[in-house]
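In case it helps, the working numbering puts the sequence shown at residues 393 to 782.
Take these hints with a grain of salt, some might be off.
What the hints assert, rightly or not - Restricting the straight-line Cα-Cα distance to at most 27 Å, the calculated cross-link-like pairs of lysine-lysine (DSSO-like) are:
id, residue 1, residue 2
1, Lys461, Lys488
2, Lys466, Lys488
3, Lys466, Lys512
4, Lys488, Lys512
5, Lys461, Lys512
As the list claims (entries may be wrong) - Pairwise CB distance ranges, derived in the manner of DEER restraints:
id, residue 1, residue 2, range
6, Val416, Val612, 25 to 35 Å
7, Gly571, Val619, 15 to 25 Å
8, Pro425, Thr608, 42 to 52 Å
9, Ile557, Leu765, 19 to 29 Å
10, Thr608, Arg439, 55 to 65 Å
11, Ala638, Leu597, 39 to 49 Å
12, Phe606, Asp639, 35 to 45 Å
Just so you know, these hints were derived from the structure itself, not from any lab.
These numbers come from a predicted model, not from an experiment.
For each residue, glycine too, the CB sits at the ideal point set by N, CA and C.
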Amino acid sequence: MRPAVLVLPLAAFIAVTFVAPLLVMLGRSVHDPMVADALPETLGLLRSWDGERTPPEAVFETMARELLKARREKSLGRIATRVNRVQAGLRSVLMKSVRRLRGAHPPDSWREAMIALDPKWGQTRTWHAIRRAGERFTLRHYLHALDLDQAPGGGIIRQPPDLRIYLPLLRRTLAVSLGITLLCLLLGYPIAYLIANAPPHRANLLLLLVLVPFWTSLLVRTTSWIVLLQTQGVINDLLAAVGLIADDQRISMIYNMTGTVVAMTHVLLPFMVLPLFSVMRTIPPLYMSAAASLGASFLQAFRRVYWPQTLPGVAAGSLLVFILAIGYYITPALVGGQSGQLISNMVAYHMQQSLNWGLAAALGGVLLGGVFLLYLVFNRLVGVDRMRLG
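Use the sequences and the hints to build the structure in full.
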């Protein structure tokens, strides 16, 4: 009980700052009661609507009355925004119609009056969109996150080619994360080997150099690459000075995918080196000498003796770097430009600018599910129990 009591503050902190926000956001991805709470009578009538012809007069009258009530309660803008997310262009229809209906005498026919205000009221797809927006629990955010949509008849269809943005971004994110993981492994393995086999005083100095980035602000490290990689930056100036490139043919290495890969590799490299070093320092150097004494070349001894023993560190470092890379936001936002953006930047856009938290949560849920699936594949092929961080 004593150790359990000591762990309780940490468990409570994790529950409040990590588990609870995660569950709330995942809940937002499938639960949106705004329209259902504001238009209960209209949605009740639309449930019995056949969906083939324009709704009856009672639906138009109830819709107008509830929209006017929503305007008085100052919730019309949020309702119109949510309907617009289902079908683009309906926000202006709702706002314009309410402005013109406000203060007007009740017409003889609400149906004819509203269609006269905007012809879209006479289209069945408008009412299908309102009915879909009124669903309290819905998967439409996940459909949009996968570049899919729900047809008026209820089937699932793909978005038009010009609206398919999330799956290409997700594929780019996975490809970039995998590429950065491989780069970190190629660069970090020799560094870890050098530190693990160096004399103690030199190993401490090299390890200190690896740890220095942890003591430097991420923002400082990222903006430093802007100074180095920009067209008039240090690297281009050096290449032009030695004659490798002409002064008017400087290389564009920033605000594109090149800048994203370079900066993220630099930031994440220590997360590969440290697990590798912690495993390599436990491997006795005599193993390689014994293999050499039995006639093996260095490459044979490395491939058959040393490399298999470092696989736990390789697995730990690769999984750590990949998971960090797949959710990175600050570095691509600063140095990626338009072509170097990842899915995390789109999540941030919907959280901070479009305020479509449901779609942002769905994108995060898709990313979380993808990482979990890759984790299961990794566990099946490599085995998580073989990983070692020290």
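Against the structure, the hints come out as follows:
1. Simply put, Lys461 and Lys488 have alpha-carbon atoms about 15 Å apart, close enough for the 27 Å limit, and the pair holds.
2. As the CA atoms of Lys466 and Lys488 are separated by approximately 15 Å, the hinted pair is consistent with the 27 Å bound.
3. About 24 Å separates the Cα atoms of Lys466 and Lys512, which keeps this hinted pair within 27 Å; it holds.
4. A hinted pair counts as satisfied when its Cα atoms are at most 27 Å apart, and Lys488 with Lys512 qualifies at roughly 12 Å.
5. Using a Cα cut-off of 27 Å, the hinted pair Lys461 and Lys512 holds, with the two alpha carbons roughly 21 Å apart.
6. Against the hinted window of 25 to 35 Å, the Cβ-Cβ separation of Val416 and Val612 comes to about 33 Å, which satisfies the hint.
7. For the hinted restraint 15 to 25 Å between Gly571 and Val619, the CB-CB distance of approximately 24 Å keeps it satisfied.
8. Hint check: Pro425 to Thr608, Cβ distance near 46 Å, so the stated range 42 to 52 Å holds.
9. The hint said 19 to 29 Å for the Cβ distance between Ile557 and Leu765, and at roughly 22 Å that hint holds.
10. Between Thr608 and Arg439 the beta carbon distance is about 59 Å. The supplied range of 55 to 65 Å therefore holds.
11. The hinted range of 39 to 49 Å is satisfied by Ala638 and Leu597, whose Cβ atoms lie roughly 40 Å apart.
12. Range check, Phe606 to Asp639: about 38 Å between beta-carbon atoms, so the 35 to 45 Å window is met.
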